[in-house]
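Use the sequences and the hints to build the structure in full.
Sequences listed follow chains A and B, in order. Each residue of the first sequence is one higher than the last, beginning at 1 in full-length UniProt numbering. Each residue of the second sequence is one higher than the last, beginning at 1 in full-length UniProt numbering.
No wet-lab data here; the hints were simulated from the structure. Among these hints, one or two may not hold up.
Claimed, not checked - Cβ pair distances, simulated, as ranges:
#  : chain 1 : residue 1 : chain 2 : residue 2 : range
1  : B       : T18       : A       : P119      : 43 to 49 angstroms
2  : A       : T116      : B       : A174      : 21 to 27 angstroms
3  : B       : D172      : A       : R110      : 17 to 23 angstroms
4  : B       : T18       : A       : A74       : 27 to 33 angstroms
5  : A       : P109      : B       : D143      : 29 to 35 angstroms
6  : B       : A74       : A       : P119      : 51 to 57 angstroms
7  : B       : A174      : A       : A145      : 50 to 56 angstroms
8  : A       : I167      : B       : D143      : 47 to 53 angstroms
9  : A       : A123      : B       : Q171      : 29 to 35 angstroms
10 : B       : D7        : A       : H64       : 22 to 28 angstroms
11 : A       : Q111      : B       : V73       : 36 to 42 angstroms
What the hints assert, rightly or not - Which bits of chain A does chain B cover? Going by a derived footprint, with three or more residues having C-beta under 8 angstroms, they are:
#  : region
12 : 68–74
13 : 84–94
14 : 159–170
15 : 181–190
Every residue, glycine too, gets a C-beta built ideally from N, C-alpha and C.
2 protein chains.
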Amino acid sequence: MRDIYHDRLDHLVDRLVTMCQLAADAMRDATAALMTCDLTAAERVIADDRVVDMARSTCESDAHLLLALQAPVAGDLRLVIMAMHAADSLERMGDLAEHVAETVRRRYPRQVLPATLRPRFAAMGGIAVTLAENAATALRTRDPAILAAADEADGELNDLHRSLFAILEYQDWAYGAGAAVDAAQLSQCYERFGDHAVSIARRATFVATGTMTREAS
Amino acid sequence: MRDIYHDRLDHLVDRLVTMCQLAADAMRDATAALMTCDLTAAERVIADDRVVDMARSTCESDAHLLLALQAPVAGDLRLVIMAMHAADSLERMGDLAEHVAETVRRRYPRQVLPATLRPRFAAMGGIAVTLAENAATALRTRDPAILAAADEADGELNDLHRSLFAILEYQDWAYGAGAAVDAAQLSQCYERFGDHAVSIARRATFVATGTMTREAS
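Next up, the structure:
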């Protein structure tokens with residue numbers, strides 16, 4: 001039979017998995033709002049970020065309580081430390097999705113992105129959502145194969161981010177400096193969102209193996 | 001007499017204070033390189049970031065060992081948890097200074113910023129360095145007054161960051177989309193550097209008071 005201590009550890013992981021899903025949903029909805037210039041959807045993403053922030057705060061309290069009352073060691077200690085880092089990353093991921101939505105709201109009723117850039121951002125959004133879902137799977141399974149898949153997808157996201165700058169710096173860029181700045185900042189939101197998701201998968205794997213692989217810089 | 005356990009806790013704080021100083025130096029030198037288009041200085045900042053990364057790794061190991069072997073409680077536990085978060089923030093602060101230096105290197109021998117924007121970025125650099133120094137003082141003293149001062153300085157930094165966008169979006173911006181993107185991204189480096197520094201001061205104060213004030217969003 002499971003004791004209360006192990007139930008609490010499981011509960012902490014469940015909460016992180018839920019937060020991954022919230023972050024994935026937020027980025028999916030923010031990207032959809034960006035594609036369709038949907039103010040209502042953008043405002044919902046912004047309002048819902050409060051839920052992620054509260055979940056993070058609860059995770060942090062739970063982790064502190066576990067450390068204070070149970071003094072976990074070995075794999076359990078690694079799990080609690082991982083949970084604190086993951087909760088931190090997940091709050092940031094929520095903030096990044098919120099930032100995409102805020103950009104939609106700020107430019108409304110104007111489209112943020114010129115039509116030629118939209119497919120690129122739809123692709124980045126898709127990869128970012130997949131990475132948040134990978135993070136949830138890595139938390140549940142701690143399977144190194146998930147981390148490898150996440151690393152590869154994150155590589156694609158980084159390539160999309162980097163190659164955007166060649167477009168923005170091209171002399172024939174016809175949409176003005178403001179639109180270029182918006183595009184660069186949005187792209188960075190997706191790139192950072194992906195980095196945080198991979199960092200969660202990496203730390204989740206570390207709980208299982210006790211070996212921390214190098215973080216992507 | 002102090003025992004080994006308390007010596008280790010003190011040592012952890014000393015290490016964080018040293019990291020604050022490294023981050024402050026990195027941002028000061030990166031800003032100087034940005035102002036004077038100094039490739040050698042920029043490359044030194046980039047190379048030195050390795051030192052911050054190693055210090056962070058050591059901090060994290062020290063914190064894990066303290067948790068595993070000493071099972072600290074109450075204020076000592078808060079201190080170890082704070083140290084893990086602070087080490088994380090300090091690594092990011094080093095990365096942000098490195099990013100400023102990388103931009104200098106990428107554009108060399110061209111100046112990254114038009115002359116009219118340089119005083120604004122010199123000011124942002126000055127505030128960012130002060131905030132890293134404030135974080136060191138907060139770690140040493142855990143004095144809420146330091147946090148209040150840091151919050152105020154961070155407000156100025158955020159104002160400088162936000163008001164840049166009005167300049168970049170102004171129709172008469174004459175330096176092209178690429179220069180606008182560079183300026184926006186650099187500005188964000190300073191703004192995020194400041195946020196991390198304030199978050200360290202906030203958590204250091206929390207170690208003393210046990211009460212976490214709301215994080216600036």
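Quick rundown of the hints versus the structure:
1. In this structure the hint that B:T18 and A:P119 lie 43 to 49 angstroms apart at CB holds, the actual value being about 47 angstroms.
2. Taking 21 to 27 angstroms as the suggested C-beta distance range, the pair A:T116 and B:A174 conforms, at roughly 24 angstroms.
3. A C-beta distance of roughly 20 angstroms is found between B:D172 and A:R110, which places it inside the suggested range of 17 to 23 angstroms.
4. One distance hint, 27 to 33 angstroms for the beta-carbon pair B:T18 and A:A74, holds here, with the actual separation near 30 angstroms.
5. At about 49 angstroms, the beta-carbon gap between A:P109 and B:D143 misses the expected band of 29 to 35 angstroms.
6. Checked against the hint of 51 to 57 angstroms, the pair B:A74 and A:P119 passes, with Cβ atoms roughly 54 angstroms apart.
7. Between B:A174 and A:A145 the C-beta distance comes to about 52 angstroms, which sits within the given range of 50 to 56 angstroms.
8. Checked against the given bound of 47 to 53 angstroms, the beta carbons of A:I167 and B:D143, roughly 49 angstroms apart, stay inside it.
9. Judged by the Cβ atoms, the range 29 to 35 angstroms given for A:A123 and B:Q171 holds: they are separated by roughly 31 angstroms.
10. Judged by the Cβ atoms, the range 22 to 28 angstroms given for B:D7 and A:H64 holds: they are separated by roughly 24 angstroms.
11. In this structure, A:Q111 and B:V73 break the distance hint of 36 to 42 angstroms, their C-beta atoms being roughly 55 angstroms apart.
12. Counting residues of the region 68–74 of chain A whose beta carbon lies closer than 8 angstroms to any beta carbon of chain B gives 4, which meets the minimum of three for the stated coverage.
13. Remark: the region 84–94 of chain A is confirmed as covered by chain B, as 3 of its residues place a Cβ nearer than 8 angstroms to a Cβ of that chain, reaching the required three.
14. Here the region 159–170 of chain A counts 3 residues with a CB under 8 angstroms from a CB of chain B, which clears the bar of 3, and the coverage holds.
15. Here the region 181–190 of chain A counts 4 residues with a CB under 8 angstroms from a CB of chain B, which clears the bar of 3, and the coverage holds.
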